[in-house]
Amino acid sequence: MRRSTPTVKIPSRKGAYATRIGIYALLVSLAAICLLPFYSMLIASTHGSDEISSQLLLLPGNQFLDNYHRLIGTINVWKGFLHSLYITVTSTVLALYFSALAAYGFSKYPFKGRGFLFGFVIATMMIPSQLGIIGFFKQMSMLNLLNTYWPLILPSIANAFGIFFLKQICDSAVPRELLESARIDGASELHIFHRIVLPLLVPSLATLGIFLFISKWNSFLEPLIIIFDNEKQTLPVMVAMTKGQFRTDYGAQYVGVLISVVPILAVFAAASKRIIGGISVGALKE
Amino acid sequence: MSVVARFRKKVFRSKAIPRPSRSNWAIHGYYFILPFFVIFVAFQLYPILYSLYLSFSNWDGFSAPSFVGLRNYERLLSDHLFYKSLLNTLVIWVMSIVPQLFLALTLALILNEKFIRGKHFFRAVFYFPNIVTPVTIGVLFSLLFDWQTGAVNKLLEALNIVDHPINWLGRPLLSQVLVAVVMVWQWFGYNMLLYIAGLQSIPSEIQEAARVDGANGVQVALKVTIPLLRPVILFTIITSIIGGMQIFDVPFTLSKNGPENSTLTVVMYLYQTAFERSQYSYAATIAYATFILIAVFSLLAFKLARSRQEE
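Going line by line, the protein sequences match chains D and F.
Going by our numbering, the first residue of the first sequence is number 1, and it counts up by one from there.
Going by our numbering, the first residue of the second sequence is number 287, and it counts up by one from there.
Hints are computed from structural coordinates only; laboratory data are not their basis.
The reader is advised that the hints may include incorrect statements.
[Claimed, not checked] In silico lysine-lysine, BS3-like type, Cα no more than 30 Å apart, as pairs:
1. F:K400 - D:K273
2. D:K14 - F:K370
3. D:K243 - D:K232
4. F:K542 - F:K440
5. D:K243 - F:K542
6. F:K400 - F:K509
7. F:K509 - F:K405
8. D:K232 - F:K542
9. F:K370 - F:K509
10. F:K509 - F:K589
11. D:K243 - F:K370
12. F:K405 - D:K273
13. F:K370 - F:K542
14. D:K14 - F:K405
15. D:K232 - D:K14
16. D:K14 - F:K400
17. D:K273 - D:K14
18. D:K243 - F:K405
19. D:K79 - F:K405
Every value quoted in this text rests on a predicted model; they were computed, and no experiment measured them.
Modelling step: build the complete structure from the supplied sequences, incorporating the hints.
Encoded structure:
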């Protein structure tokens with residue numbers, strides 16, 4: 001079947017060459033469009049507002065620290081950074097642990113109604129998060145949990161996507177024989193999960209953890225309505241606040257945007273292969 | 287229950303003796319999935335049902351909710367701002383989804399070719415905007431597209447593409463286009479990665495066979511590869527319907543309501559109704575009406591794709 005592969009290539013070499021140049025031109029210009037806003041952000045954050053508003057800036061200036069201090073003086077973004085970090089880390093750890101537990105339960109325990117319950121978990125992924133938001137707000141106000149971090153952290157325990165993702169891994173990466181021999185040795189079921197299953201899941205937990213971390217870090221509507229106290233807000237809400245507070249002080253606003261983008265850039269630079277690979281695993285569901 | 291049976295039960299429950307039967311350990315599956323269901327019921331299902339109740343009541347955030355029957359829904363049916371927000375969301379969604387999926391599919395086909403170099407670099411760069419905080423993107427683009435002080439107009443003027451700065455947020459349609467463009471920028475890389483994953487699951491023999499039969503690259507893509515990708519394409523369309531109805535973060539910081547409320551999306555209207563005007567119960571009605579519309583749209587898309595597949 002493969003014998004004629006060389007002859008079916010595009011006949012004219014010149015034509016093929018031109019096509020390739022065209023394709024690379026497309027790829028490079030799209031890459032530029034993806035990156036230029038961030039370059040512009042970087043450059044603008046080092047200039048004063050009069051320069052930003054009067055000319056096209058291509059090279060860095062020396063106003064970064066001035067912008068930074070004006071920003072910090074009004075909105076303490078590092079506080080927001082720490083709040084976001086605290087909420088995101090605790091939520092991610094809880095989501096990972098309980099998703100792994102449930103995924104393992106669904107994968108390896110033949111209990112009654114397993115198929116139906118798993119289907120139910122998958123179906124919950126289709127519910128838009130805004131549907132219950134008013135009820136959630138009222139519920140939290142009745143429980144006196146408004147303006148605390150509990151409503152942002154506790155619900156993370158129920159993560160349908162995490163269960164869906166890790167169940168596929170449990171199905172393939174956790175051998176049944178290993179569990180059975182541990183059972184014969186008298187290990188308790190929870191012990192088996194902690195000592196055998198969790199270690200086997202570590203690479204997938206890392207991938208899933210990055211996704212959960214990013215989506216929690218980026219969440220905006222929830223902290224916006226749950227937290228009233230500006231001092232207690234998360235980083236995304238604080239960055240959104242800079243727009244109202246710094247109207248024409250563009251330099252300070254750019255620094256706020258920068259502080260929000262850089263950690264994500266760092267995570268992505270360190271783990272882009274894992275992140276991109278993880279999306280393909282998620283896509284296999286259909 | 288006899289004394290012996292009771293004693294036996296006690297003994298088997300203690301940890302000293304290994305569990306004898308298979309059904310005894312299988313029950314642990316329930317314990318392991320229990321936390322999900324407890325938290326789901328407490329923090330997702332309960333609020334959803336409570337919202338349903340609120341949508342039939344009158345609640346301003348202070349006094350207790352009182353049942354008012356269908357009054358909120360009647361108000362919704364004649365609320366032109368609700369229709370406007372729905373139409374805005376739909377227009378922005380269509381203007382972003384069509385170029386987005388087209389671009390994603392084209393790039394996936396290109397980056398799946400063997401001769402392209404720097405695949406990983408391009409994939410990473412195209413995907414990166416998707417993980418940056420959406421609210422931050424809204425703030426960033428509002429600064430870049432500011433008509434008097436933003437870098438975009440400065441660049442266009444420097445390149446002599448325009449004589450006068452364009453007032454991006456000055457006209458309704460242009461504002462909607464801007465929000466849609468930002469969404470394309472945010473999401474095309476993500477959809478591209480899904481398509482690449484789909485392409486890699488298609489056995490290369492099928493495409494090679496088509497080439498042997500004399501099809502050129504474009505023909506193979508249109509007649510062989512894309513039809514095989516249909517399930518993934520359907521998946522991206524349905525998830526984008528759900529995601530598209532939730533547009534909030536970007537217009538919230540980029541354009542607010544926009545000129546003549548042109549970038550007021552459904553979720554923004556919901557937010558403002560509840561948390562700026564304290565009409566919480568009416569906001570719950572908006573949420574439910576929107577959810578029903580999303581469900582209908584998703585089902586239609588699904589049915590349409592299925593019936594075409596059968597033809």
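Hint by hint, here is what the structure shows:
1. F:K400 - D:K273: Since the Cα atoms of F:K400 and D:K273 sit roughly 19 Å apart, the hinted pair holds (cutoff 30 Å).
2. D:K14 - F:K370: At roughly 53 Å apart (the allowed maximum being 30 Å), F:K370 and D:K14 break the hint.
3. D:K243 - D:K232: Holds - the C-alpha atoms of D:K232 and D:K243 are around 18 Å apart, at most 30 Å.
4. F:K542 - F:K440: 23 Å, holds
5. D:K243 - F:K542: Roughly 11 Å between the alpha carbons, so the hint for D:K243 and F:K542 holds.
6. F:K400 - F:K509: Holds - the C-alpha atoms of F:K509 and F:K400 are around 20 Å apart, at most 30 Å.
7. F:K509 - F:K405: Since the Cα atoms of F:K509 and F:K405 sit roughly 25 Å apart, the hinted pair holds (cutoff 30 Å).
8. D:K232 - F:K542: 24 Å, holds
9. F:K370 - F:K509: 40 Å, violated
10. F:K509 - F:K589: Cα-Cα ~22 Å, so holds.
11. D:K243 - F:K370: The hint holds at about 26 Å.
12. F:K405 - D:K273: Given that 30 Å is the threshold and the Cα spacing comes to 12 Å, the pair holds.
13. F:K370 - F:K542: Answer holds: F:K370 to F:K542 is near 15 Å, not above 30 Å.
14. D:K14 - F:K405: Holds, at about 23 Å.
15. D:K232 - D:K14: Cα-Cα ~63 Å, so violated.
16. D:K14 - F:K400: Distance of about 19 Å is within 30 Å: holds.
17. D:K273 - D:K14: 35 Å, violated
18. D:K243 - F:K405: Given pair D:K243, F:K405 is violated - Cα atoms ~37 Å apart, limit 30 Å.
19. D:K79 - F:K405: 39 Å, violated
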